[in-house]
Structures are given as structure tokens and as C-alpha cells.
Amino acid sequence: VTLDQPGSTVVKPSQTLKTTCKVSVSVTSYAWHWVRQKAGSGLEYIGYINTDGITFTRETSKNELYFEMPNMRNEDSGIYYCARDTHQRSFYMHTWSMGRGAVA
1 VTLDQPGSTV VKPSQTLKTT CKVSVSVTSY AWHWVRQKAG SGLEYIGYIN
51 TDGITFTRET SKNELYFEMP NMRNEDSGIY YCARDTHQRS FYMHTWSMGR
101 GAVA
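So the sequence shown is numbered by the UniProt record's numbering: it starts at 1 and just counts up by one.
These aren't lab readings, by the way, just hints derived from the structure by calculation.
Hints may be right or wrong, so weigh each one.
[Unchecked claim] Label-pair distances were calculated between CB atoms; the ranges are:
#, residue 1, residue 2, range
1, Ser41, Ser61, 31 to 37 Å
2, Leu43, Thr16, 29 to 35 Å
3, Lys18, Lys38, 17 to 23 Å
4, Ser61, Pro13, 33 to 39 Å
5, Thr28, Asp76, 15 to 21 Å
6, Val10, Thr86, 17 to 23 Å
7, Ser29, Asn74, 18 to 24 Å
8, Lys12, Thr60, 28 to 34 Å
9, Val1, Tyr45, 34 to 40 Å
10, Glu75, Val25, 31 to 37 Å
[As the list claims (entries may be wrong)] In silico lysine-lysine, DSBU-like type, Cα no more than 35 Å apart, as pairs:
#, residue 1, residue 2
11, Lys38, Lys12
12, Lys12, Lys22
13, Lys12, Lys62
14, Lys38, Lys18
15, Lys38, Lys62
16, Lys22, Lys38
17, Lys18, Lys62
18, Lys22, Lys62
Only a predicted model underlies this, so the values are computations on that prediction, with no experimental measurement involved.
Glycine included, C-beta positions come from ideal geometry on N, C-alpha and C.
Could you put together the complete structure from these sequences and hints?
In C-alpha cells, the structure reads:
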């Protein structure tokens, strides 16, 4: 399974980060998540359900996942990854397949 994300995205404070994750399997076959890695830190789980203004959507016909985070702040800088559960249609993230990340 491959997860393809765009490269660097420059987002200024108060702007909205939008990124796409193109996957090689049906987006309906697995649970998909988003994580972030800030400079010098480990992975931080963002989620899979719309919350705190962050929007997660998908386009099943294109096998694409979308992540949108409004009102970016300097402290939101980092690499944003899409991630797939190892188990189909589950929410147990034992191991992730991850995209290469979108830098913001």
C-alpha cells in the first residue's frame, strides 16, 4: 500500500493548511489517520474525526484523503503525515503505513 503526499507547503500564520494524501487502495478499506512531527520532536497524533476546526475528508472515486487545518500558528509548523491502520476497518494503530508528509 502506498500513500503519496505533496512536498513542502508554505502556510503563513492565520492561513489554512490544506494537503492531500493519494492512496493505492480503496479509502473505504482502512481507517486513515493524520499525525504531525514538529522539529526535534516525535510523532503527535492529530486524529481521524473532524474536531477543533480541523477537517478530514475523502474522495472515494479518487482514493484521496484531505486534511484541512485553519488559522495556522507558528507553533503548528511541522511535517503532517497521513497514516493507515494495519488492520482493515479498525482503529487499532499497531503499525502505520505513512505518507512522506506535507511540510508546513
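Against the structure, the hints:
{"no.": "1", "hint": "Ser41 x Ser61: 31 to 37 Å", "verdict": "holds (36 Å)"}
{"no.": "2", "hint": "Leu43 x Thr16: 29 to 35 Å", "verdict": "violated (22 Å)"}
{"no.": "3", "hint": "Lys18 x Lys38: 17 to 23 Å", "verdict": "holds (19 Å)"}
{"no.": "4", "hint": "Ser61 x Pro13: 33 to 39 Å", "verdict": "holds (34 Å)"}
{"no.": "5", "hint": "Thr28 x Asp76: 15 to 21 Å", "verdict": "violated (29 Å)"}
{"no.": "6", "hint": "Val10 x Thr86: 17 to 23 Å", "verdict": "violated (33 Å)"}
{"no.": "7", "hint": "Ser29 x Asn74: 18 to 24 Å", "verdict": "violated (37 Å)"}
{"no.": "8", "hint": "Lys12 x Thr60: 28 to 34 Å", "verdict": "holds (32 Å)"}
{"no.": "9", "hint": "Val1 x Tyr45: 34 to 40 Å", "verdict": "violated (20 Å)"}
{"no.": "10", "hint": "Glu75 x Val25: 31 to 37 Å", "verdict": "holds (34 Å)"}
{"no.": "11", "hint": "Lys38 x Lys12", "verdict": "holds (16 Å)"}
{"no.": "12", "hint": "Lys12 x Lys22", "verdict": "holds (24 Å)"}
{"no.": "13", "hint": "Lys12 x Lys62", "verdict": "holds (29 Å)"}
{"no.": "14", "hint": "Lys38 x Lys18", "verdict": "holds (17 Å)"}
{"no.": "15", "hint": "Lys38 x Lys62", "verdict": "holds (29 Å)"}
{"no.": "16", "hint": "Lys22 x Lys38", "verdict": "holds (22 Å)"}
{"no.": "17", "hint": "Lys18 x Lys62", "verdict": "holds (17 Å)"}
{"no.": "18", "hint": "Lys22 x Lys62", "verdict": "holds (8 Å)"}
In summary, the structure is inconsistent with hints 2, 5, 6, 7 and 9 from the numbered list given earlier, while agreeing with the others.
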